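A.B. asks: Sequence:
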Amino acid sequence: MIMAGGSGTRLWPLSRSARPKQLLDVVTDEAGDVHSLLAEAFTRLRAVLPTEQIWVCTAARYGDLVRAALPELGADRLILEPVARDTANAVGLAAALVADADPDAELAVVSADHVIRPVERFADALRTAYDCLAVRPRALVTLGITPTSPATGFGYVQKGGPTEVAGAAEAASFREKPDLATAQEYLASGEYLWNSGMFVWRAQTVLDALADHLPGSAEGLARIVAAPDREAALQEIFPTLQKISVDYAVLEPAAAEPGRVLVVDLDVDWLDIGSWPALAHTLDTDDAGNATRGLVVALDSSGNVVVSDDPDHLVALVGVRDSVVVHTADATMVCPVGEAERVKQLLAVVEERFPGRYA
1 MIMAGGSGTR LWPLSRSARP KQLLDVVTDE AGDVHSLLAE AFTRLRAVLP
51 TEQIWVCTAA RYGDLVRAAL PELGADRLIL EPVARDTANA VGLAAALVAD
101 ADPDAELAVV SADHVIRPVE RFADALRTAY DCLAVRPRAL VTLGITPTSP
151 ATGFGYVQKG GPTEVAGAAE AASFREKPDL ATAQEYLASG EYLWNSGMFV
201 WRAQTVLDAL ADHLPGSAEG LARIVAAPDR EAALQEIFPT LQKISVDYAV
251 LEPAAAEPGR VLVVDLDVDW LDIGSWPALA HTLDTDDAGN ATRGLVVALD
301 SSGNVVVSDD PDHLVALVGV RDSVVVHTAD ATMVCPVGEA ERVKQLLAVV
351 EERFPGRYA
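Each residue of the sequence shown is one higher than the last, beginning at 1 in my numbering.
Watch out, some of these pointers could steer you wrong.
[Stated by the list, open to error] Mimicking DSS-like on lysine-lysine, the simulated pairs with C-alpha atoms at most 25 Å apart in a straight line are: (1) K344 with K243; (2) K177 with K159; (3) K344 with K177.
Read the hints as simulated data drawn from the structure, not as lab findings. Small disclaimer: the values here were computed from a predicted structure and weren't measured.
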């Protein structure tokens with residue numbers, strides 16, 4: 001199940017509420033072709049599973065866009081959330097619908113906004129996670145990314161002892177985003193992986209875990225699936241569910257039970273495209289370190305991220321250093337690379353001054 005409901009506010013103004021980042025053509029593959037993050041996620045899963053076993057969960061307002069982007073997606077494999085209630089309920093809704101279709105289903109939950117290469121290693125890690133379920137049917141398996149730096153923007157998973165499956169370990173603990181000194185300690189220890197937010201479990205197992213740790217959501221989701229008019233029940237019940245992430249609601253409390261939560265090491269080149277500096281790694285880069293897309297000329301400028309979605313509009317820089325410049329038809333955004341995480345905050349101010357106009 002591909003989670004594809006986010007709006008990507010940190011990639012504003014290119015990403016908008018009606019045109020979210022996972023549907024933007026921003027990724028260049030090894031062949032030089034440009035496509036969306038969602039299309040890349042779909043192709044990545046097809047290396048492991050037949051197309052008919054791939055589901056997508058997204059916001060209802062993106063349903064038509066997702067269908068257009070993924071014409072091969074099965075007609076009954078698109079799950080539409082009427083409102084956003086965070087990942088515990090998105091995952092729970094998907095698990096409930098998948099379990100209704102196949103009570104014995106094993107479910108991998110992956111994200112639409114990651115770039116993961118090579119795909120062969122991703123496929124191997126997923127197979128390892130599925131192998132874990134063969135020997136521990138009640139396991140909740142999370143995929144951890146081998147860290148390459150003391151990143152402070154990710155949560156971490158601490159590896160415990162080994163398991164009977166090669167490549168999988170007990171998950172000893174989950175840690176929130178650390179400060180730099182703590183992240184450096186994590187990296188030096190070799191015990192910690194970045195928490196990717198991707199999971200593998202039996203659909204019924206995660207529903208049971210929700211019943212244990214988030215009973216209100218579990219009961220509401222069961223009512224939705226059992227209702228004669230599922231769509232009406234979804235519209236009525238889903239917005240009332242507690243808004244909480246699956247990490248807080250399920251993984252962290254379940255990790256207190258020995259052997260319940262496992263972690264598989266995903267040793268890949270991994271990008272979580274959550275900001276302009278992260279997206280820069282997917283763009284063309286010149287000798288001065290300017291990552292660009294569109295019609296761009298840079299004179300005596302370096303370390304910039306410059307994106308224009310208008311093929312006839314020239315963006316020209318002189319003496320500019322370490323800045324993000326994004327041009328669209330109705331908005332231009334400029335900020336230092338080091339302030340790029342504040343774009344979400346900027347959008348909130350824009351929305352306050354110009355309600356609905358640029359969101």
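A.B. asks: Hint by hint, note whether the structure agrees.
C.D. replies: How the hints compare with the structure:
1. K344 with K243: 20 Å, holds
2. K177 with K159: Holds: K177 and K159 sit about 16 Å apart, inside 25 Å.
3. K344 with K177: Answer holds: K344 to K177 is near 18 Å, not above 25 Å.
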